[in-house]
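Q: This is what each chain is made of:
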Amino acid sequence: MAIGPKRLVVGAHYGLRDWLAQRLTALILAIYTVFFLVYLVITVRIAGGFSYDQWAAMFVPVWMKVLTLTAIFALLYHAWIGMRDVWMDYVRATGVRLGLLLLTILWLFFCAIWAAQIVWSV
Amino acid sequence: MANQTASARVRPQFRNLSLGQLASYRLPPAGLLSILHRVSGVLLFLMLPVLLWMFELSLKTESTYARLRVVFGGVLVKLVVLALVWAILHHLFAGIRYLALDLHVGIAKEPSTRSALAVFAVSLALALIAALWLFGVI
Chain A
1 MAIGPKRLVV
11 GAHYGLRDWL
21 AQRLTALILA
31 IYTVFFLVYL
41 VITVRIAGGF
51 SYDQWAAMFV
61 PVWMKVLTLT
71 AIFALLYHAW
81 IGMRDVWMDY
91 VRATGVRLGL
101 LLLTILWLFF
111 CAIWAAQIVW
121 SV
Chain B
1 MANQTASARV
11 RPQFRNLSLG
21 QLASYRLPPA
31 GLLSILHRVS
41 GVLLFLMLPV
51 LLWMFELSLK
61 TESTYARLRV
71 VFGGVLVKLV
81 VLALVWAILH
91 HLFAGIRYLA
101 LDLHVGIAKE
111 PSTRSALAVF
121 AVSLALALIA
131 ALWLFGVI
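Sequence lines, in order, name chains A and B.
All residue numbers for the first sequence refer to this note's numbering, where the first residue is 1 and numbers rise by one.
All residue numbers for the second sequence refer to this note's numbering, where the first residue is 1 and numbers rise by one.
Just so you know, these hints were derived from the structure itself, not from any lab.
Cβ atoms here follow ideal geometry from the backbone N, Cα and C, with glycine treated the same way.
There may be inaccurate statements among the hints.
[Claimed, not checked] Ranges of calculated distance between the beta carbons of each label pair, as one might list FRET restraints:
#1 L101(B) / S51(A): 37 to 45 angstroms
#2 L40(A) / V39(B): 26 to 34 angstroms
#3 A23(B) / V60(A): 47 to 55 angstroms
Based on the sequences and whatever the hints tell you, model everything.
A: Put into structure tokens, the structure is as follows:
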């Protein structure tokens, strides 16, 4: 990416992409949060209360599964960028940093698969 | 490589705060908000399996839902849930503030200090309401 006529911020170009992805995923999460709260209030209003049946019924429609899983995947990608920044800021030993980055990826993959299984088994 | 000669010069370095300094180092509100944004994010990352576990119990069957309600009865669990609720609230509102700053909204010193204080006011007030609700006061 070129800034001004002379300065060129070189590199693998993933810096801006990740910066932007962090903000886009944040936006998705904020919008999903508002949507979820509205959906919850409407569900409770219609049912006149809250119990397991209403809670589980919220996740039965396929569109809700898709939206929820999209939000969870956005969250995991958001967490990846954030944790990558944290490791890069505080862990200077290359081997340890690589190990932690790898563990973070495995951890997030594990969570992604688990989340998909939870949402799709309702 | 215009700054090659400049970087070769020995410069004084100011880094590595000692632990004692860390305790007495007073951050401005926006700085405190920033480090807590990071702390809350890391906390949520580490607690992801706990959140997913609770989510799974709540959805799987009626009996696992009932079990989750029993789990939520414990004082220690209530404190953990409260910490997570605070982390979500702080991360959300501080994050919205950062999105505004990215768009150069309220980027000057005074407005950004005010918005940092506003984030603390809103997230802590909502966390307090959550605490009262969790411990059955309201």
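Q: Please go over all the hints and tell whether each is borne out by the structure.
A: Consistency of the hints with the structure:
1. For L101(B) paired with S51(A), a C-beta distance near 42 angstroms keeps the hint of 37 to 45 angstroms intact.
2. The hinted range of 26 to 34 angstroms is satisfied by L40(A) and V39(B), whose Cβ atoms lie roughly 28 angstroms apart.
3. A beta carbon spacing of about 52 angstroms between A23(B) and V60(A) agrees with the range 47 to 55 angstroms that was offered as a hint.
The structure meets every hint from the earlier list without exception.
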